[in-house]
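Student: Protein chains in written order, with this note's numbering: chain A, 63 to 537; chain B, 63 to 537.
Note that these hints are calculated values from the structure, not bench results. You may find that some hints are simply not true.
The list treats identical chains as interchangeable, and a pair is accepted whether it falls inside one copy or across any two copies.
Unchecked claim - Dumping the calculated DSS-like pairs for lysine-lysine here, alpha-carbon to alpha-carbon at most 25 Å:
| hint | residue 1 | residue 2 |
| --- | --- | --- |
| 1 | K499 | K263 |
| 2 | K125 | K110 |
| 3 | K161 | K206 |
| 4 | K241 | K117 |
| 5 | K499 | K519 |
| 6 | K186 | K393 |
2 protein chains.
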Amino acid sequence: MANKKITSRDLDFAKWYTDVVNAAHLSSYSNVKGCIILEPNGYAIWEKMQQTLDKMFKETGHKNVAMPMLIPENLMRKEGELINGFAPEVAWVTMGGSKQLEERMCIRPTSETLFSDYYSSVVKSYRDLPLKYNQWCSVMRWEKETRPFLRSREFWWQEGHTVHETQEEAENETRSMLKTYETFFKDYLAIPAITGRKTDKEKFAGADYTLTVESLMYNGISLQSGTSHYFGQRFSKAYDIKFLNRQNGFDYAYQTSWGVSSRMIGALIMVHSDDDGLVLPPRIAPTQVRIIPIGDNEEIMGLASGYLKSLKDAGISVDLDNNDQTSPGFKFAEAEVLGIPVRIEIGKRDLENGQITLTRRDTKQKMQISKDADIVSEVNKLMDTIQNDMLARATARRDSMTFNATNLDEFSKIMNTTPGFVHADWCGDENCELKIKEIRGTKSRCILEDEKLLTGKCVVCGKEAKHHVVWGIQY
Amino acid sequence: MANKKITSRDLDFAKWYTDVVNAAHLSSYSNVKGCIILEPNGYAIWEKMQQTLDKMFKETGHKNVAMPMLIPENLMRKEGELINGFAPEVAWVTMGGSKQLEERMCIRPTSETLFSDYYSSVVKSYRDLPLKYNQWCSVMRWEKETRPFLRSREFWWQEGHTVHETQEEAENETRSMLKTYETFFKDYLAIPAITGRKTDKEKFAGADYTLTVESLMYNGISLQSGTSHYFGQRFSKAYDIKFLNRQNGFDYAYQTSWGVSSRMIGALIMVHSDDDGLVLPPRIAPTQVRIIPIGDNEEIMGLASGYLKSLKDAGISVDLDNNDQTSPGFKFAEAEVLGIPVRIEIGKRDLENGQITLTRRDTKQKMQISKDADIVSEVNKLMDTIQNDMLARATARRDSMTFNATNLDEFSKIMNTTPGFVHADWCGDENCELKIKEIRGTKSRCILEDEKLLTGKCVVCGKEAKHHVVWGIQY
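Produce the entire structure from the sequences given, and follow the hints as far as they go.
Tutor: The structure is reproduced here in structure tokens:
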């Protein structure tokens, strides 16, 4: 019995996505064109993501800072590729109060320029290095088409910016942060992302290279879900981040940046959710457990408040739905649409046998346990199972939508019938990349770095292949 | 022996303030005019403030959201007083990419308009009320003169916006959030703020009335440190926040907003710090304890790492300075300039007597304890003492700088010799307020709501007084 407010996922995926966002009250369009509002339920997921990642960043020696939200045009222009990449899509501030500004400023689309300018003033010696800073903020890109979480003019993200003494250390940082993201996706979001290197065409403007985390949605469309860039000395030369090296000479520093955004909420929806609404992995769910009393006699209410206390004390995020205006059926549907992983239902009939019911959101399975069971350990066990099962299902689905193509016909047939991740060898020529783009806009997701070639021949031109690439249609 | 990088507080207070900000690496000016960078040490204090307040907000039923950072001009113009109050000091976005916008938008100086617009779309019935939302973000006001934390074009804050069924409920919220701020200042920042109501001249543009938290700096200058506004139905009428009431008719909702900002870091500095740098109350210090080994024999290093672990396990924020490039004296000065409340010094001489030394940052007092003492309980005890003593000293100082004035001569003499909080009765006429402003720019801080009049006569015109007001020179 699917939620009536939600279009079936298999009937109209785009409509289903919007319906889930609305039914779960995650975000709402604002009267500011192209900008969304993160409503409490959406913001709570973002907050949980922030807390989890922030801990991971700090454990690896990163510190938070806050940079200005505006960038003067001249500062932006110091690095040519970056301004070329972003100029068409920034918002320009031209007036302060009633006065025209002498120099216009853009709202940050990303903050490489600001961090580089700051680093140039504080990095004097190799002893000052590395500096590993991060900021949580929103950025603005003047997109034309927007969709909640996936693409909007303003979005929320973190951007890490680090500066190092040596190339090796900076490259290690680039890789290590990619690994952090991959772990976060797997262990918390239950999303089996693939990772690799972007082709030159798809890399970040101004980067030597870009590493990426790519995930596959339920409908076979890919989502670029996080990136980690190695800049070499490009910005340090443009912004003059010079330091006294160990040989008493001067070197330009090596830099990285890396980021993930509120787009991850879109990934969570499109990987896990269903026709009844949101499905959240327990480790990222803002509310992990909801207790629903069915009826309100003394025993039921006593048990409910006892469980509430025990679970809270154990650090589990739990609430109690004792609204006397709504039926149990309504309460169940409500908990489902919000994606709360575990429901505890306490009703007369179960209690006659000394039992209560635990219901999993992901599979809808119900399970009776003794009302006197150790509720904390039962819930924790069930949440572990849900978390693992969700990852296993997402992995199996991704694998079932992953294909090899050895020629363009095959490639085209896959993308037109069962889109997903397509593995195919590539010669490295951008023209072949463009040829593939003609197939429903398919782009290279990433170059797999540690895998062997499939056939040794480019899937487009048949010439000698250089790379084993994963391709996909993207959001 | 004061820190050589820091000007004496009694010699040049403004220079001292800047020196402390720089020496403790709290913030740095950016190349974006009027905007500061929150460096790691400054951001860490802000983060601790955020975490503490966020918990207090959530415990009282508030939820976090995120609104767009831009406000279209027309939306802003719906409430006349607000736009009049803020128009001279907003940053206007007029271009997106290379195109002129049809309607310019300002970067939010505050978000009453956005919240009201949102509430008008989601509030349908009294059953939807109250909605108690908050957001953590930065806002932009095009100030001419800026000073780190006290006044800058961009600053970081939280803004709570709530919407209620009745006037009574909304007024209770306004008062309750003022109380929350007062408690936070007292219990965490160790600042004895005074509270009351702003005069009409000093209230927030668009508010029915504004309640305020005012604190007094070491030099006798006042700082408006947090405000809580009651709007009545003014915004709900301008933005059409109408709901079905319990009588099946329609009512306009009642609203509040309230906020505190990164300016509180300025207050912390100017209330507590000294010529050796920052002094932080233990409950808001990002690093509460620093362990400094003096020498590095096996016993010293063993004790250091043992204390580190015990304190960490107890949830105390602690680090270990075992840099072998710097002397103990340098390490002590460094811990002092950063305002770390407690130092644990482990040295040979003490150990010969089986002792170690705990040093308080606030008083510089040293105290020997047995190396085998329960370090967690000793440190917690000392931190409680420091926290209480800091509040007691700040309270005594505030009281010593609080005066009564019964006529304008007296008033003027106080402000010109020993500025501080001046209590004086006022008739309620704005002309008398303006007369007082001629004395070094003195403004009303707040009307005390529960206190009796002092003389019953206005301190300016001598006519019958309506209010007992606290006055001060402000930042």
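Student: Now tell me if each hint is right for this structure.
Tutor: Going down the list of hints, with the structure as the test:
1. K499 x K263: within (12 Å within a copy, 63 Å between copies)
2. K125 x K110: Cα proximity of K125 and K110: in one copy and across copies (19 Å, 13 Å).
3. K161 x K206: between (29 Å within a copy, 12 Å between copies)
4. K241 x K117: Within one copy, since 15 Å is at most 25 Å while 31 Å is not.
5. K499 x K519: within (18 Å within a copy, 82 Å between copies)
6. K186 x K393: between (61 Å within a copy, 21 Å between copies)
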